[in-house]
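Listed below are the residues making up each chain.
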Amino acid sequence: MNNPQLNSNGELQHLLTTDGLPVRIVRDILDKAAEFVSVAEGKEIKKVPLLHGKSVFNIFFENSTRTRTTFEIAAKRLSADVVNLNIGSSSTSKGETLLDTVDNLCAMHADMFVVRHSSSGAVHLIAKHVAPEVHVINAGDGRHAHPTQALLDMFTIRHYKKEFHNLRVAIVGDVLHSRVARSQIHALTTLGVPEVRVVAPKTLLPTQVEKLGVQVYHDMTQGLKDVDVIMMLRLQNERMQGALLPSAQEYFKYYGLTQERLALAKSDAIVMHPGPMNRGVEIDSSVADGTHSVILPQVTFGIAVRMAVMSMLAGSKQ
Amino acid sequence: MNIHIKNGRLIDPHNKIDAKQDVFIADKHIVGIGKAPQGFAAEQVIDASGLIVIPGLVDVAARLREPGYEYKATLESEMEAAMAGGVTSLSCPPDTDPPLDEPGLVEMLKHRARSLNQSRVFPVGALTYGLKGAELTEMIELTEAGCKAFSQADAPLTDTRVLMRAMQYASTFGYRVWLRPQDMFLAADGVAHDGEVATRLGLPAIPVVAETIALSTMLQLARETGAKLHVCRISSAEGVEMVRAAKRGGLAVTCDVSMNHVHLSEMDIGYFDSNYHLSPPLRSLRDRDALRTGLLDGTIDAICSNHSPVDEDAKQLPFAEAEAGATGMELLLPLVLKWAAEEKLSLLEALSRVTINPAQLLGVKMGHLSVGAHADVCVFDPETNWKVEPAALKSQGKNTPFNGYTMQGRVRHTIVEGHVAYSI
Chain A
1 MNNPQLNSNG ELQHLLTTDG LPVRIVRDIL DKAAEFVSVA EGKEIKKVPL
51 LHGKSVFNIF FENSTRTRTT FEIAAKRLSA DVVNLNIGSS STSKGETLLD
101 TVDNLCAMHA DMFVVRHSSS GAVHLIAKHV APEVHVINAG DGRHAHPTQA
151 LLDMFTIRHY KKEFHNLRVA IVGDVLHSRV ARSQIHALTT LGVPEVRVVA
201 PKTLLPTQVE KLGVQVYHDM TQGLKDVDVI MMLRLQNERM QGALLPSAQE
251 YFKYYGLTQE RLALAKSDAI VMHPGPMNRG VEIDSSVADG THSVILPQVT
301 FGIAVRMAVM SMLAGSKQ
Chain B
319 MNIHIKNGRL IDPHNKIDAK QDVFIADKHI VGIGKAPQGF AAEQVIDASG
369 LIVIPGLVDV AARLREPGYE YKATLESEME AAMAGGVTSL SCPPDTDPPL
419 DEPGLVEMLK HRARSLNQSR VFPVGALTYG LKGAELTEMI ELTEAGCKAF
469 SQADAPLTDT RVLMRAMQYA STFGYRVWLR PQDMFLAADG VAHDGEVATR
519 LGLPAIPVVA ETIALSTMLQ LARETGAKLH VCRISSAEGV EMVRAAKRGG
569 LAVTCDVSMN HVHLSEMDIG YFDSNYHLSP PLRSLRDRDA LRTGLLDGTI
619 DAICSNHSPV DEDAKQLPFA EAEAGATGME LLLPLVLKWA AEEKLSLLEA
669 LSRVTINPAQ LLGVKMGHLS VGAHADVCVF DPETNWKVEP AALKSQGKNT
719 PFNGYTMQGR VRHTIVEGHV AYSI
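So the protein sequences, as listed, match chains A and B.
If you're matching positions, the first sequence starts at 1 in our numbering and goes up one per residue.
If you're matching positions, the second sequence starts at 319 in our numbering and goes up one per residue.
So here's chain A without its partners, still in its complex pose (with noise of 0.2 Å):
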């Protein structure tokens, strides 16, 4: 089965998910972000005209303030237009189909589309579907990746860490419906972590999750011990509903991060958060707020590997 996601050339012609990402792509993407930080980092933040002419379209069929924002300030930054559709979570109830969409808006000339849809696979149909000039990058689809969110986690980890072969990192929360926790396992031991560890309770972790490389905890004392790393997940409130834990309060006071705990990580851990944040939910403010969290640094570098991500693809040959 062919990657959808490379071109025949091995190149980067959609970014769907780190699974089978080579690590060569994702070492490209980093770096490439790297230059972008460094252009952003001077005083007045200059446009690059690397997208310049080209039309990148947002669709967004789940709501979302913050991965649509960076999307769009990266595009804008490249100089691409850009335009945003936020088409609520059923476009289909208005009786036009998802592809029937995506034909709309390649009608319009689009050379690029940002979609997150709350349906897995859904950003894997629309690639299979558009034309081979047409890029479509993946913010998020159902549970199944989220792969700029991870790849700016890698970043981050990157830039606080230096090297990924010696780290032991810890992703705690809700892994059985988090995106982002797949695509961060994925992009981890693609880069060669050599430990990755999830924590949670057994309701929140999904089948087998040990055959994508992670070693399994369900106890944050033992999970976290001598970590580089803690990478929370946003616990949604609705998982309550479904029987899968008893309280906010409950997974608070077992699985919440907070200092005692975090002190049994290395002294020179990083505590990472994809956001929105719950506090007092999964993480304490004092957590949240310390000097560890490196969460607010993992935004603005997820404009720069937006970026690199766009400005690769655009620089893709068909």
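Keep in mind that the hints are not guaranteed to be accurate.
Here are a few chain A residues that sit away from chain B, every Cβ distance over 12 Å (derived from the structure) [claimed, not checked]:
no., residue
1, His52
2, Lys161
3, Phe164
4, Leu167
5, Leu212
6, Tyr254
7, Pro276
8, Ala288
9, Pro297
Label-pair restraints from in silico Cβ distances [claimed, not checked]:
no., chain 1, residue 1, chain 2, residue 2, range
10, A, Ala131, B, Met585, 25 to 35 Å
11, B, Glu394, A, His109, 38 to 48 Å
12, A, Gly315, B, Glu630, 32 to 42 Å
13, A, Val83, B, Gly422, 48 to 58 Å
14, B, Asp477, A, Gly213, 39 to 49 Å
Residues from chain A that keep clear of chain B, each with C-beta distances beyond 10 Å, as calculated [as the list claims (entries may be wrong)]:
no., residue
15, Val82
16, Lys162
17, His218
18, Met312
Just so you know, these hints were derived from the structure itself, not from any lab.
For every residue, glycine included, the Cβ atom is placed at its ideal position computed from N, Cα and C.
Keeping the supplied structure of chain A fixed, place chain B upon it in accordance with the hints.
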């Protein structure tokens, strides 16, 4: 019409014949095997040199989508598919719209099917009104109208007291109860087997216990009520083992599997290919191997196509939103041949799973080529290779997980009730 099928290799699992023998048909029946009855004069001669002559296939699960879902398929299109697949008898689940819960609907369906003069249709009646799992249907009336068994199709029956009473009532009259084991709470919004692939792809999952818990209930109720239970579309290794143990314990339970599950596993979903969105879900390779073992040792009695044509728009959606199901009748024979070849099983043995065994499940006299039997015959070329191209399928449903596969074995003639209904 008097037909003489000559020079073919006759394989009839029921009569344990695998030999070069001619078949003679007159007045809708088989009148001679090997030699013509006295005074036989053929009006039509089919030269079956190099071909194999078998009883017409019997498919215990083929959705025709009528009434109610004509946008997915019609009786006309699906009967043509049946003929192209050599399927001369089929039973259709009651999950039409409205469901087959009224004798009038069943009579209408049978009448429509008869007027097309192709495959014989044996409807499975609804076990409860509207398949809602609350009130029993008029099983005696439905049986008189032509129903051969009663089922909930894929609709859940959560109230176990209703299930028990339905089985008690059916068993009073010796009616067959065909049940698909799936706990609706555990299956909920699941779309794929709860395993490695669903975990990787982030697809809502259906665990094996959804099958085994429901199956356990059914088996215990069958023991309690004496109902003739048939387990439909078994999908897991654990499920197969439970049926095996029940049979060993003397319970008169039977079981079928879909051809998709004999050949495919969760791995085939690949990058969210909705052609592989099936119900029950494709499970692990271990489950697939166990289904094959169950077929070999007789735990599983029959292979069906689980033919479920779906319209194109309903498949051009993200995996979880796409409708489950695949077209299948035209692929049933080649997929059984493929299975036989892979298992190094004789055709005599293998073909029993799609001829005499399913006929016995239905309680009909088809599925064999004895003298005096109904002249339902399939003649196929075992050597022809052909590529599955959806557009070329007769079925209105074009979605199949075997799209692009090369199949070996192709139906050349299908004879139903003594007339040639299909020939290429």
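For each hint, the structure was consulted:
no.: 1; hint: His52; result: holds, 32 Å
no.: 2; hint: Lys161; result: holds, 26 Å
no.: 3; hint: Phe164; result: holds, 21 Å
no.: 4; hint: Leu167; result: holds, 23 Å
no.: 5; hint: Leu212; result: violated, 7 Å
no.: 6; hint: Tyr254; result: holds, 23 Å
no.: 7; hint: Pro276; result: holds, 20 Å
no.: 8; hint: Ala288; result: holds, 26 Å
no.: 9; hint: Pro297; result: holds, 27 Å
no.: 10; hint: A:Ala131 x B:Met585: 25 to 35 Å; result: holds, 30 Å
no.: 11; hint: B:Glu394 x A:His109: 38 to 48 Å; result: holds, 43 Å
no.: 12; hint: A:Gly315 x B:Glu630: 32 to 42 Å; result: holds, 36 Å
no.: 13; hint: A:Val83 x B:Gly422: 48 to 58 Å; result: holds, 56 Å
no.: 14; hint: B:Asp477 x A:Gly213: 39 to 49 Å; result: holds, 44 Å
no.: 15; hint: Val82; result: holds, 25 Å
no.: 16; hint: Lys162; result: holds, 30 Å
no.: 17; hint: His218; result: holds, 17 Å
no.: 18; hint: Met312; result: holds, 21 Å
Hint compliance for this structure: hint 5 alone is broken.
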